[in-house]
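J.: Chains as they are written, first to last, in this note's numbering: chain B, 1 to 337; chain X, 1001 to 1271.
There's no promise every hint is true.
[Unchecked claim] Here are a few chain X residues that sit away from chain B, every Cβ distance over 12 Å (derived from the structure):
no.	residue
1	1013
2	1027
3	1029
4	1033
5	1042
6	1083
7	1094
8	1097
9	1162
10	1185
11	1196
12	1198
13	1201
14	1222
15	1224
16	1252
[Claimed, not checked] Facing chain B, a subset of chain X residues (Cβ under 8 Å, in silico):
no.	residue
17	1024
18	1028
19	1125
20	1133
21	1136
Hints were generated in silico from the structure; no laboratory data involved. For every residue, glycine included, the Cβ atom is placed at its ideal position computed from N, Cα and C.
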Amino acid sequence: MTRSRLVVLSSLIVVGVGVVGALGALYLDPARAAVGPLPAEGLALPGDTQFVMGFDVHRFVASPFYQRFGKDRQGQGRPPGFTELEEKTGLNPERDVDRIVFAGRAADKGPEGGVVLVSGSFDRTKLSRAIETEGKGVTYRSHEGTTMYLFREGQGARSGAVAFLDDDTLVLGPRASVEATLTNHAGGKVPMRSNAALVALLESVKPGSTFWAVGDQSVLSRLPLSVPGASGQGSITLPPVKSVIVTGDLDPLVAVELTGEAVDNKAAQNLADMVRGLVAMASLQASQKPELKDLASAVSVTTDATRVHVNVRVPYELIDSLSGKRPVAAIGGPENR
Amino acid sequence: MAARDTSKPVPFASAARGVFDLALEGMVWSGRTVVMAGLLALPVVLAIVYRLVLAKYPAARLSPLDLYGRLVVFFYLRFALPLTALFYATALIADEVEGKTLTYLLTRPIRRESILAGKFAAYVVTTLTLALPAVVVTFFTLMTVSGRANLGGAVPDLLRDLGVAALALLAYGALFTLLGVFLKRPVIPGLLFIFVWELFLPSFPGYVPRVTLTAYLRSLVRHRPAQEGVSEIFAQVLPTALCLEVLVGAVVVGLGASAWIFSTREYVMDQ
């Protein structure tokens, strides 16, 4: 074997071992394989989840939006309550929380509805002690080997629970939902994978978004299909929407991309026309409020077969002019952009 | 053993294989390879530094996956892979011309297309040999910072990144091979292509990014690191099928045009 072929073979071995190792990690640990922006832990959420929303806390905190609107206007540089929270629990949300995921279920699930997953770096001991000592009426019990803290236990719909799914993930919500999530996680079950419609939507979410949300037909069917007309007389019928995906970023401007899938091409066109009509109405108001002209031009609507894409890109200067007040950070902080 | 009919050229596959063997030996053991291996291994060094130093500081808000994504998008796809392709692919024929050794190849009873095919195959093997292990080692160095916890979920990204890296080397390689057979001094135009055309046009609105290769390559990977200015405002993600069609088309057109120019061009060696 020549020297060059030896080099090629060595490289091939490195790549081969790497790929086999990676596939092994994927195969042996499928529960950790995330779906789109949903972290691996999120796969333990109930399979009948109808919509999921996510929030990248680090991107949010680093964004001009947070610098302008999120911080304490009294000059402390942090939102009110964060300092006290950190003193009691050791948790600094700006620093320690990575992402927040909210999964919603059908309204008829009542108190068993939504679950919130908070991922980050937690001082588990300090946080547990804070929950035990600071919370009133907090009880705790073990579920699947995990301590679950119960709030207002025995008050039916008002009772809630919080538990560590693992060292880096907190699960909060109604007791039944938290218990179901803990059971799934402990048993290595991934019921969310069985929700093919929602998984497909999650996989199409733009990676790296600061916030995102997906919802399937079951949740959208509960929305009202008609809205009152502009003059107050009659109503406008909204075309039915099968699914919706929302992604957004806050840096360097507020950019929201909304993709709705209609039942057919005609419905998609109707939906797009309806949004364009609303934008046009905003433009007509521009003579009375010039900022609206800029807002109208910040929205673009396109259709792609049965899909309607609505892109909204709003500069912070426009938000300032619409709100009619100057935010603290905009006056001249170093983080002002 | 039957003697070869010397009135006919050596069969294409045998000729290309012979040229491949010769070219591979010359490419792998060259100063160019040492420089390119060093360049492509820089992310590995950065990943080790991150692992040993930066990851220990809570202030380092860049997660291992974020850093890996940035390295893939900003370093490999935007910079290192096009540069590697430029320095190897433009030299496939230009080196032979400059070293006045092309005559020895052209006087052999082999078709010119087989020379180009053998050399391009050697280019592909050499660059993949340098690039893919660097991506794999960078990935594992970063993704195992906190144990195996984040590994499984990122595996699809690794596989996709390896495929896109290979496609980038093929597409840029075909383009720079064309530049190499067409121009006498192809490096400066190639550098302008990488650092002007490929760098700025993807930031334009509308259909302008579609005239670059990088827009298609970056649409194929899932990493979307935040950018600043117009790059972020007009960032586009093109459909996967379109990206694959365009990139494969670029490879076919680039190699086809290179083969046609090389097989018809009259090369005059300076004395």
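J.: A separate judgement is required for each hint: does it hold in the structure or not?
T.: Quick rundown of the hints versus the structure:
1. With a least beta-carbon separation of about 19 Å from chain B, residue 1013(X) lies farther than 12 Å from that chain, consistent with its non-interface assignment.
2. The claim that residue 1027(X) lies off the interface is violated: its Cβ sits roughly 8 Å from the closest Cβ of chain B, which falls inside the 12 Å cut-off.
3. Residue placement check: residue 1029(X) does not keep its beta carbon more than 12 Å from all beta carbons of chain B (closest about 6 Å).
4. Non-interface status of residue 1033(X) relative to chain B is broken: a Cβ of that chain comes within 12 Å, the nearest being about 9 Å off.
5. Once the 12 Å rule is applied to beta carbons, residue 1042(X) is consistent with being away from chain B; the minimum gap is 17 Å.
6. The claim that residue 1083(X) lies off the interface holds: its Cβ sits roughly 19 Å from the closest Cβ of chain B, which is beyond the 12 Å cut-off.
7. Residue 1094(X), annotated as away from the interface, keeps every beta carbon of chain B farther than 12 Å; the closest lies near 21 Å.
8. Residue placement check: residue 1097(X) keeps its beta carbon more than 12 Å from all beta carbons of chain B (closest about 23 Å).
9. For residue 1162(X), the requirement that its beta carbon stay farther than 12 Å from each beta carbon of chain B is not met, with the minimum near 7 Å.
10. Taking the minimum C-beta to C-beta distance to chain B, about 28 Å, the non-interface status of residue 1185(X) holds against the 12 Å cut.
11. Every Cβ of chain B is farther than 12 Å from the Cβ of residue 1196(X); the closest lies at roughly 23 Å, confirming the non-interface assignment.
12. Every beta carbon of chain B lies more than 12 Å from that of residue 1198(X), the smallest distance being close to 21 Å; the non-interface claim holds.
13. Here residue 1201(X) stays apart from chain B, with its beta-carbon at least about 20 Å from theirs, past the 12 Å limit.
14. With a minimum CB-CB distance of about 5 Å to chain B, residue 1222(X) fails to clear the 12 Å threshold, and the non-interface call is violated.
15. Chain B draws residue 1224(X) into its interface by the beta-carbon criterion, the shortest separation being 4 Å against a cut-off of 12 Å.
16. Here residue 1252(X) stays apart from chain B, with its beta-carbon at least about 25 Å from theirs, past the 12 Å limit.
17. Satisfaction of the interface hint for residue 1024(X) is found here, the shortest Cβ-Cβ separation to chain B being roughly 5 Å, below the 8 Å cut-off.
18. For residue 1028(X), the suggested interface contact is upheld, since its CB lies about 4 Å from the closest CB of chain B, less than 8 Å.
19. Checking residue 1125(X) against chain B: minimum C-beta separation of about 6 Å stays under 8 Å; hint holds.
20. Interface restraint check for residue 1133(X): the shortest CB-CB distance to chain B comes to about 4 Å, inside 8 Å, so the restraint holds.
21. Taken as an interface hint, residue 1136(X) checks out: its beta carbon lies about 4 Å from the nearest beta carbon of chain B, inside 8 Å.
The structure shown violates the earlier hints numbered 2, 3, 4, 9, 14, 15.
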